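K.L.:
Starting from the structure of chain U, add chains S and P where the hints point.
Given next are the chains, with one letter for each unit.
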Amino acid sequence: MSDDFNPKILGFLCNWCCYAAADAAGVSRFQYPPNLRTIRVMCTGRVDPAFIVRGFIEGADGIFTGG
Amino acid sequence: MGKGMEHRAGSVMVVGGGIAGVQAALDLTELGYYVYLVEKAPVVGGVMAQLDKTFPTNDCSL
Amino acid sequence: MLTNADLLALDGKPGDFTAKIRQRPRYIDADNCTACGLCTQYCPKHLVDPYNEGLALTRPIHIDYAQAVPATYYIDPSSCLHLTHDTCQICVPVCQSHAINFSQQPEEISLKIGAVILSPGFGRISKETLAKFSYGKHPDIVTAVEFERMTTASGPFLGEVKCFSDGRHPKSIAFIQCVGSRDLGCNNGYCSSVCCMYAIKEALVAKEHDPEVDITVYYMDIRTQGKEFDKAQLRAEAMGIKFVRAKVADVTPWENRLQLTYSTLDGRHEFVPHDMVVLSVGLEAPKDAHGIAKITGIELNQYDFAKSDTFDPLTTNVDGVVVAGAFQGPKDIPESVTQASAAAGLVAGMLEKQRGQGIVHTEYPEEKAMGEEVRIGVFVCHCGINIASVVDVHKVEDSVEDMEGVVYHTDSLYSCSADAVETLKERIIEHNLNRVVIAACSPRTHEPLFQETLKSAGLNRCLIEMVNIRDQCSWVHAGEPDAATNKSEDLVRMAVAKARGMQPLPEQTVPVTPKAVIVGAGIAGMTVALTLADQGFDSVLLEKGKTLGGNLGLLNHTLDASETAAKLKQLVAKVKKNKKIDVITSAELVDFSGFVGNFSSVVASGKKEHTIDHGVVVLATGGHEHRPGGYLLDENKKVLTQMELEKRLAGRAKNRAPDSIVMIQCAGSRGDDLKYCSKVCCNHAVKNALQIKELNPDSQVIVLYRDMRTYGYAEDAYREARLKGVIFIPYEIENRPEVYEKGRKLHVKFFDELMQEEMDITPDLVALSVGIVPDGTEDLSKLLKAPLTDDKFFLEAHVKLRPVELPVSGVYVCGLAHGPKPVDETIAQAQAAAAKAAIPLVKGAVSVDPIVSTVDQDKCIGCSLCVSLCPFGAIEMIKVGKRRKAQTISASCKACGICSSHCPTFAISMGGFTNEQITDQIIAFGGVKEKETADVA
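Residue numbers (my numbering), protein chains in the order written: chain U, 1 to 67; chain S, 1 to 62; chain P, 1 to 937.
Just chain U, with the same shape it has in the complex (with noise of 0.2 Å):
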């Protein structure tokens, strides 16, 4: 392993406002980090706590849910 921290991260995005915002980000151009992988939810009322104790059992180093 590296010295350097390298997080994975989980991201529940609601679909309407931080999924659309993570396009006009790419549409942007504008850079950040790889380390999100996303999971696209109608609205983030859908998460249910379950799957952030879920997230983290399978590895995650943080979780990000963006509504």
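Honestly, the hints are just simulated from the structure, not real lab data.
For clarity, every value in this text was computed on a predicted model and none was experimentally measured.
Some hints here could point you the wrong way.
[To be verified] Computed footprint of chain P on chain U; a stretch qualifies when at least three of its residues, placed anywhere within it, have a C-beta under 8 Å from a C-beta of chain P: (1) 17-25; (2) 42-49; (3) 54-67.
Cβ coordinates follow ideal geometry from the N, Cα and C atoms, glycine included.
P.N.:
Below, chains S and P alone, put in the same frame as chain U:
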């Protein structure tokens, strides 16, 4: 879009493809009419597309 | 859609017009252009970018912005080297999809149409007018549109505000209001109605970028009269933005700064430096207004906008031609959107008999059976170089080789191109695929296209999962190809995991009862009923009073001097005569249930109760004058409201126009009992003041105001009132005028900002501009589960884009129930509400996106937690045998999933986003870690 004469019953021409024209065209389509949206510029959207945010909520305008 | 097109001629009559259009060539074939942008990179010529207000450079071959529609590039013929000098053509071989075609010629097209909507927008204030403020003499004087592009995060400066002169960040910015508005010098006597709002917005944005920046707005009146607009102004003040009431006379460049010359109300002359000056430019009539008028035959008003009438705001003098948007008069986005819907509604009424004849229907093959076996096909898109220049597309494609369920994979240059879509369809059939994963761009833009393809290949449209490896991967990790490839592989693996669990979801439609219930029979409600009747729909018009007409019956005339009584009489007669409108007076809505298309209302009227089944409901409940305390209203009979004054002036009493009167604006509004501005009171005061001057020219009329909000053409009346000797004196909120009795005299005490002294006068009458409060919205809000604003008006679904719809599907709002507004705006809004309400009625069925929730009633324990949590009222409890069970009302469900994530027994499942699918995605995400560790080791 074909050349020459187009004929469709129940069609409406909207002149100007800014926010008003686009909204009118969308509503007419939903109401069961065929719409020709005629816009001078190469893109629709008009001035609203130039705006960054909108008053008073400062939402994104796109 | 005909872009790059000019209207040349219009002939014919309503229902049968012929329009001649000339379409100029764009030199790029729209069917082939994939908007990859390669051509712009290679184009050798520079062009000042008009989209960015000249703040950036682009190339003759370009697209204005990434989200442009149509998403086809365009060659500017006035700057392209080939089109101007017959050279170059570098772009032609560069384009991989062979879309560039210099042989295109202008085409003339004739259209047969039934009606025309004119929405050409507005024009720019001339350079000569701007030059009065030294625009063009110094680079740090910019227009508000230029400033907007500057503060745009995706704009040429990435949102950074810089002085053009030397690139420094301005420490102080001045906004000058009313540039090209309220200015007879450039023949724009009207108020543009939007500049105060955008100036505040831009000032707030600039302040967000740099909290240290000092911003001053120089204004005559702050006209934030729209719904909830005053709050934004207060927020701006709280953030330290300064508002100075002064007309700026001159801007003088002085060393590297700009000196503003102005004088304030109290007579002080100031000479103040700023780093940057923003001109709040007004809206002018469109440049080609005269051309449009000539072609279509419509009349223009004195300012070259379309001529319009208070009671028919959108119709023109030419039958079959209606106007909408800023061409009808300067206005903001929600007003434009409202008028657009209204215009659509009017046209739909005119062409009722032709409805549906021009619409093209697409047929799809029957869906084939799924079979047990999971057969996933993975398609990875290069998007030209957009993805492939960063992500190793072949590596991503190869990574799915051994994944469970994947039976086919391939790549394609452009998955969305017409031929690739055809190929996708063939592959689905050839390999008997029953689930599709496409790794390309955003499902938000392209999923509908691929869903269509699935349908045409005989698959349910829910059997696709898109992976966004462009917008959210290659574009944002351009410098890290390995990491981006890795991320793409992960995302594809997660998508495949989800895809395994995808199931076909039934397309649900719910039939619609083709009838509307309209609550309130004022001008708004009656207009809705008539507009719907024109389109062929029945409605039931409920009125709580005994007569129709509402507040309009209390008015005598409008500002443009139309008699209201005659109009109202006509309107009421029309409503009563119309067979499609059923009027119930003394009516009260006592119960309401159901969902869009299938509402059921119980209406009490006298001793009778009616049950009405209907598809939509429009709320037009209106409002009434507020009666504020503290001004002796109802205590001294010399104190009246503007409405009472209007009635008195319309009467026959000899002394009906007093010899002296004080009008107090915002009595009870804008921070008094009511927090908001009621939009109509300034016009009302000016109207009554003019009437008094008409009857009694020697009368002393004093108007005490905070900001005179005579926006739009009402500015003309305000000017007229001043010319006729009406005295307007501003007051500050902390120094409200005081009305009191002493002996038998009525006194008004106020601070005269002009003379800088305390005044105490004894007028014959005091008229209060009292503001408007909504009627009965709280009860209706509970009954319909429709939210209200803090001020008790109904809250629309989207302030800008859905101004007449409520968040509850099938419920619409217009008139004073939505917010205070004058008659013409009420009528346009009512027409818009009627147009929107007609949409489900026309369709006859409400189609439901299949991703709604479903309740497994075997698992449901009937706790009804979901019912209380659902923000859309989309879950109901029903009796199944002896037990209570939850059930989704599909037509109301918005697929948010709150119910599903809270259900204690996991009984609620979301179509396309099941617990299992998301968990599988998370597990597939987990696979990342193991592999990563293995790689590193």
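K.L.:
Determine for every hint whether it applies to the structure shown.
P.N.:
To see whether the hints hold, each was checked on the structure:
1. Residues of the segment 17-25 of chain U lying with their CB closer than 8 Å to a CB of chain P number 6, which satisfies the three-residue condition for coverage.
2. Coverage of the segment 42-49 of chain U by chain P holds in this model, with 7 residues showing a Cβ closer than 8 Å to a Cβ of that chain against a need of three.
3. Using a Cβ-Cβ cut-off of 8 Å, 6 residues of the segment 54-67 of chain U lie near chain P, which meets the minimum of three, so the contact claim holds.
Checked against the numbered hints listed earlier, the structure breaks none of them; every hint is satisfied.
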